[in-house]
Structure formats: structure tokens, C-alpha cells
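Colleague: Could you build all of it, start to finish, from the sequences and the hints given here?
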Amino acid sequence: MSANNESGGSSYAEPANTVFLQGIKDGMPIAIGYAPVAITFGVLAGNTGLKAFEALLMSMLVFAGAAQYMALSMIAAGSGVLAVISATFVVNLRHLLMSTAMNERIDKGTRSKRSLAAFLLTDEVFAVSSAKKSPVPLTELIGTGLAAYSSWIGFTLAGYYTGGVIPVFLQESLGIALYALFIALIVPSIQSGGRLVFFLAALGGLFHAAYAQWMDTGWAVMLAAISAVAVMELIEGGIKWRHRS
Amino acid sequence: MASSFITAPIFWLILGMGAVTFIPRVLPFIVLKTEGWPAWAKRMLSRVPYAVLGALIFPGILYIQEDIRFGILGGTAAVLMAWKGAPLIAVIGGAIAAVALLGWMV
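Top to bottom, those sequences are chains A and B.
With this note's numbering applied, the first sequence corresponds to residues 1 to 245, in that order.
With this note's numbering applied, the second sequence corresponds to residues 1001 to 1106, in that order.
Read the hints as simulated data drawn from the structure, not as lab findings.
Accuracy of the hints is not assured; some may be wrong.
Unchecked claim - Under the rule of at most 25 Å between Cα atoms (straight-line distance), these lysine-lysine pairs were calculated in the DSS-like manner:
#1 A:Lys113 - A:Lys133
#2 A:Lys113 - B:Lys1042
#3 A:Lys133 - B:Lys1033
#4 A:Lys25 - B:Lys1042
#5 A:Lys108 - A:Lys25
#6 B:Lys1042 - A:Lys108
#7 A:Lys25 - A:Lys133
#8 B:Lys1084 - A:Lys113
#9 A:Lys108 - A:Lys133
#10 A:Lys133 - B:Lys1084
#11 A:Lys108 - B:Lys1033
#12 A:Lys25 - A:Lys113
#13 A:Lys133 - B:Lys1042
#14 A:Lys240 - B:Lys1042
Stated by the list, open to error - Okay, the calculated bits of chain B under chain A, using three or more residues with CB under 8 Å as the criterion:
#15 1010-1017
#16 1033-1043
#17 1059-1066
#18 1081-1094
Bear in mind that the values here come from a model prediction, so they are computed numbers and not experimental data.
Even glycine gets a Cβ: it sits at the ideal position worked out from N, Cα and C.
Modeller: Below, the structure written as C-alpha cells:
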């Protein structure tokens, strides 16, 4: 989908470690974008009263920013274990759609390799890997995921122990990083894919803005994407039907 | 020490969070078979990434700071640079610089 991102190629043509390194390279923008988010999580985890290894364990086992922030505020508010777990499920259910879409575009592989790749599939890893030429080698997907994962757990600890290493003004500016990454991924696709891609993205954003008014953001993202592709399908169907009659 | 750790509620909370996060991520990768799906369903799936990207950008970008001008400026800078074909890292760096500059000015 992106013109400047096709050096990954097929797993048949290149040795596994080249593909893995390409994946890591693709994951570097995510690693940079995660730094401020993970640092803030580490700081908040400390403020919420979590021990360092608890904050680290959460970043290692959950690896989902929005849910981890939400868990901290629920813990601070005295919520029960089951309440936090069910809220996490709701927030992260959106990955079901991303994983279903990604499943169409990945190379075959063993069940354990697929499971590892799936474990690492955050919004950002999905976005970056979706910009790669299909089929995406699992090794490459894992490389991208591990780059993101290393940053996430490393900066969680950095945040916890330093109470925020980044000056406030820079921390605030870094909040744009992941959005800039998403924009840098969609723009070349609009340039090569034309109006269709633009309308899909615009519909996704507008539906999200509407749904976010009355539902949790995890659901809103998933339902917005489903609504956008469904509306596009209906519009195309309508155009075809009119041409036929 | 170790036993008090594994019986602590926080441990089960983290383990549970990890499990309910992993399940939706992994299920399609290991059980879903879409070979027999109709063409329209596959076409819709292939379009999901664009719609997801749109939903991930908007409206969240407006709320990176209390003042929505920061998100608008950073987003505009990113679009312009990406449109000119700047590499990913440059787009990210440029958007950060634009937002930092606005923060310094106001």
C-alpha cells in the first residue's frame, strides 16, 4: 500500500535474518512513538502504587497502551480484579478486526510463530505492517512487533524509575508522534490508491468521531472501520446497479 | 516472597488482562479460514486497514493537548511532508517540531 515501504519483499527471495532486520527497521518509528507513552505509563504506575516489577509485568504481558492506562485509573479508583479484566477485554476487542484483516496478508507459518506475531499485534504494528506488500513474512511482522515491544517495556521502566526523563514541553510535543506515523502511512496509500482510500479513511474517522460520543473508544474504532468498509461497499453496489439499469 | 507474589490480586489482574488482550489478537491467526469467503467479504477485509487508519487518526489527533490547534498544526505538517514523499521518520520529526514550535510561541 505504500510506495516507500516495499523493500521487505517476499520471504522466498531473502534470507530470514534480512527479513527480520527489515521488520525491526520498519518498527523503529513505532519504537520512537511509544517512548513518551510508555514513560508516562511508568510514571503513572508508580504514582498509582504499583511496584516496578508489576508495572513491567503489565507492559510485558498486556502490551496495549489504552488498556494499561485504563487499568491504572481503575486500580486507583478501587475497582475489582474482574471489572478491570472485563474492561480490558472490551477496549482490546478491536484487535479482533485488525488480526482478521492481517490474517489475509501474512505468509504461512507454524502455529507458535503465528501466535508470537499475534501477541505483538498492536494498533501501530498493524498499521505499519498493513503498509507492506502482501504476503508479509511472519518473521518481518515479528521483527516490527519486537522493535515496538522492546521500546514499550524499556521505556515503562525508564518512566517508573526516573519519574519522567523527558522535559514537559517535549513530552507534550511527542504526543503527536503516533498520529504523524499514521498520517505518514495513509498519505502514500491515498496517492497510489486514489479516492477510494481517501474516502475509506475519511469515513473511518467520521464514524469514529460519531461513535466515540456514546461508546468506549476500543469499540468505536472497530465499529467505525466496519461501518466505513460497509458503506463503501453499499456505495459501489449502488453505482453498479445504476449503471446496469 | 515468591508465593506472596503469585497470590497477590495484582498478579491475577495482570495475567487476566494479558489473556483477554491476547485472545482477540491470536484467534484469527490460528483458527480463521477465509478461503471459501465470498469476494465482497474479502474485498471488505482488504479495505479495513485504510478505515482503521482513518479512525486511529481522527478525532484522537485533536486531543493531544487541551488546545486543539496543536493537533491540527501537527497533523497538517505531517500531511504536507508525507505528501511531498518525506520518509516516515522525517514526517514524525517534523510534526513533533511543529507542535513544539507552537508550544514555544504560545
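Colleague: Give a verdict on every hint.
Modeller: Hint check:
For the hint linking A:Lys113 to A:Lys133, the alpha-carbon distance of about 20 Å falls within 25 Å, and the restraint holds. Among the hinted pairs, A:Lys113 with B:Lys1042 is consistent with the structure: their alpha-carbon atoms are about 24 Å apart, no more than 25 Å. Between A:Lys133 and B:Lys1033 the alpha-carbon distance is near 21 Å, which keeps this suggested pair within the 25 Å criterion. With a CA separation close to 29 Å, the supplied pair A:Lys25 and B:Lys1042 exceeds the 25 Å bound.
Restraint check: the Cα-Cα separation between A:Lys108 and A:Lys25 comes to about 22 Å, which is no more than 25 Å; the hinted pair holds. The suggested pairing of B:Lys1042 with A:Lys108 holds, with an alpha-carbon distance near 18 Å, which does not exceed 25 Å. A C-alpha spacing of about 15 Å is found between A:Lys25 and A:Lys133, which places the hinted pair at or below 25 Å, so the restraint holds. About 37 Å separates the Cα atoms of B:Lys1084 and A:Lys113, which puts this hinted pair outside 25 Å; it is violated.
At most 25 Å may separate the alpha-carbon atoms for a hinted pair to count; A:Lys108 and A:Lys133 meet this at roughly 15 Å. The hinted pair formed by A:Lys133 and B:Lys1084 meets the criterion: a straight-line CA distance of about 21 Å does not exceed 25 Å. Only pairs whose Cα atoms come within 25 Å are accepted, and A:Lys108 paired with B:Lys1033 is accepted, the gap being roughly 12 Å. Proximity of A:Lys25 to A:Lys113 is assessed by CA-CA distance (about 19 Å); at most 25 Å being required, the pair is judged to hold.
The suggested pairing of A:Lys133 with B:Lys1042 holds, with an alpha-carbon distance near 17 Å, which does not exceed 25 Å. For the suggested pair A:Lys240 and B:Lys1042, the alpha carbons sit about 18 Å apart, so the restraint of at most 25 Å is met. With 8 residues having a Cβ less than 8 Å from any Cβ of chain A, the stretch 1010-1017 of chain B passes the three-residue criterion, so the hint holds. Counting residues of the stretch 1033-1043 of chain B whose CB falls under 8 Å from any CB of chain A gives 4; the rule of at least 3 is met.
With 5 residues having a Cβ less than 8 Å from any Cβ of chain A, the stretch 1059-1066 of chain B passes the three-residue criterion, so the hint holds. Note: the stretch 1081-1094 of chain B has 11 residues with beta-carbon separation from chain A under 8 Å; the three-residue rule is met and the coverage holds.
This entry does not satisfy hints 4 and 8, going by the numbered hints stated previously.
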